[in-house]
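Note that the protein sequences, when read in sequence, are chains A and B. Each residue of the first sequence is one higher than the last, beginning at 1 in our numbering. Each residue of the second sequence is one higher than the last, beginning at 115 in our numbering.
Possibly wrong hints are sitting among the right ones.
List time: in silico SDA-like cross-link candidates among lysine to any residue, alpha-carbon distance up to 25 Å [claimed, not checked]:
hint : chain 1 : residue 1 : chain 2 : residue 2
1    : B       : Lys156    : A       : Asp38
2    : A       : Lys70     : B       : Gln152
3    : B       : Lys170    : A       : Gln85
4    : A       : Lys11     : B       : Gln115
5    : B       : Lys156    : A       : Tyr64
6    : B       : Lys116    : A       : Asp62
7    : A       : Lys57     : B       : Glu119
8    : B       : Lys156    : B       : Asp141
9    : B       : Lys156    : A       : Ser69
10   : B       : Lys156    : A       : Asp53
11   : B       : Lys116    : A       : Gln85
12   : B       : Lys156    : A       : Gly16
13   : B       : Lys170    : A       : Thr77
14   : A       : Lys57     : B       : Lys170
15   : A       : Lys70     : A       : Thr5
16   : A       : Lys57     : B       : Ser134
17   : A       : Lys11     : B       : Asp192
18   : B       : Lys181    : A       : Thr100
19   : B       : Lys116    : A       : Gly3
20   : B       : Lys116    : A       : Thr86
21   : B       : Lys181    : A       : Ser84
22   : A       : Lys11     : B       : Lys116
23   : B       : Lys116    : A       : Asn73
24   : B       : Lys116    : A       : Thr13
25   : B       : Lys156    : A       : Thr13
26   : B       : Lys181    : B       : Ser157
27   : A       : Lys70     : B       : Glu117
28   : B       : Lys156    : A       : Arg83
29   : B       : Lys116    : A       : Glu59
30   : B       : Lys116    : B       : Arg174
31   : B       : Lys181    : A       : Thr102
32   : A       : Lys11     : B       : Gly143
33   : B       : Lys181    : A       : Thr96
34   : B       : Lys156    : A       : Ile54
35   : B       : Lys170    : A       : Tyr104
36   : B       : Lys116    : A       : Asp53
37   : B       : Lys116    : A       : Tyr64
Everything labelled a hint here was simulated from the structure, so no lab data went into it.
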Amino acid sequence: DAGITQSPRYKITETGRQVTLMCHQTWSHSYMFWYRQDLGHGLRLIYYSAAADITDKGEVPDGYVVSRSKTENFPLTLESATRSQTSVYFCASSWTSGGTDTQYFGPGTRLTVL
Amino acid sequence: QKEVEQNSGPLSVPEGAIASLNCTYSDRGSQSFFWYRQYSGKSPELIMSIYSNGDKEDGRFTAQLNKASQYVSLLIRDSQPSDSATYLCAVNRPGHEKLTFGTGTRLTIIP
Chain A
1 DAGITQSPRY KITETGRQVT LMCHQTWSHS YMFWYRQDLG HGLRLIYYSA AADITDKGEV
61 PDGYVVSRSK TENFPLTLES ATRSQTSVYF CASSWTSGGT DTQYFGPGTR LTVL
Chain B
115 QKEVEQNSGP LSVPEGAIAS LNCTYSDRGS QSFFWYRQYS GKSPELIMSI YSNGDKEDGR
175 FTAQLNKASQ YVSLLIRDSQ PSDSATYLCA VNRPGHEKLT FGTGTRLTII P
């Protein structure tokens, strides 16, 4: 049982390039989330999704785009990467509401923007 | 005032002692509270959840919630070196389908 996976695990890109981070879960969880984790800021929510085709902004959505055409996938796209988007990105999922149910985290993607 | 506040540490505790981690939150209507553990270079994993005032025990871990004081804590008894990690407090604000995380407290257990 793979659970929740992220790809790539490491990515180096240049300023201005488009980058897509993938997230896939095998549990059929309704809710999925994207966070970024930076020193001094902890985990900050970028976007989340309550179901396929339903997405909503989190705390730091600027510069990011998400989609969720299938329940199991929740890709995060940086349309034009900036150095400030260098971070560790975590995808998470939960059965029901992300506010009351356990969130299960993927292994993370370490993104460096040069 | 931050929505969820934690002392960043590092907090150093001798092996076998009790580690006490604290978290305060600003929204008085918050209803769900979680403690996640994150080892260096790894992803967060749930340790405890608590929804009602009082204590909740699970093995060596005890979560304590005081809604009147807007305070949630995590006690780790008989601390082990394997407990060395960053502990993240997360809170659900009413009407929100998401969690707000604190910045985490780094705990080091000294053998």
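Now the hints, each set against the structure:
no. : hint                : in the structure
1   : B/Lys156 - A/Asp38  : holds (14 Å)
2   : A/Lys70 - B/Gln152  : violated (29 Å)
3   : B/Lys170 - A/Gln85  : violated (38 Å)
4   : A/Lys11 - B/Gln115  : violated (35 Å)
5   : B/Lys156 - A/Tyr64  : holds (23 Å)
6   : B/Lys116 - A/Asp62  : holds (21 Å)
7   : A/Lys57 - B/Glu119  : holds (22 Å)
8   : B/Lys156 - B/Asp141 : violated (29 Å)
9   : B/Lys156 - A/Ser69  : violated (28 Å)
10  : B/Lys156 - A/Asp53  : violated (30 Å)
11  : B/Lys116 - A/Gln85  : holds (22 Å)
12  : B/Lys156 - A/Gly16  : violated (28 Å)
13  : B/Lys170 - A/Thr77  : violated (40 Å)
14  : A/Lys57 - B/Lys170  : violated (33 Å)
15  : A/Lys70 - A/Thr5    : holds (15 Å)
16  : A/Lys57 - B/Ser134  : violated (34 Å)
17  : A/Lys11 - B/Asp192  : violated (40 Å)
18  : B/Lys181 - A/Thr100 : holds (16 Å)
19  : B/Lys116 - A/Gly3   : violated (33 Å)
20  : B/Lys116 - A/Thr86  : holds (23 Å)
21  : B/Lys181 - A/Ser84  : violated (37 Å)
22  : A/Lys11 - B/Lys116  : violated (31 Å)
23  : B/Lys116 - A/Asn73  : violated (32 Å)
24  : B/Lys116 - A/Thr13  : violated (33 Å)
25  : B/Lys156 - A/Thr13  : holds (22 Å)
26  : B/Lys181 - B/Ser157 : violated (28 Å)
27  : A/Lys70 - B/Glu117  : violated (33 Å)
28  : B/Lys156 - A/Arg83  : holds (23 Å)
29  : B/Lys116 - A/Glu59  : holds (13 Å)
30  : B/Lys116 - B/Arg174 : violated (29 Å)
31  : B/Lys181 - A/Thr102 : holds (20 Å)
32  : A/Lys11 - B/Gly143  : violated (40 Å)
33  : B/Lys181 - A/Thr96  : holds (24 Å)
34  : B/Lys156 - A/Ile54  : violated (29 Å)
35  : B/Lys170 - A/Tyr104 : holds (21 Å)
36  : B/Lys116 - A/Asp53  : violated (32 Å)
37  : B/Lys116 - A/Tyr64  : holds (24 Å)
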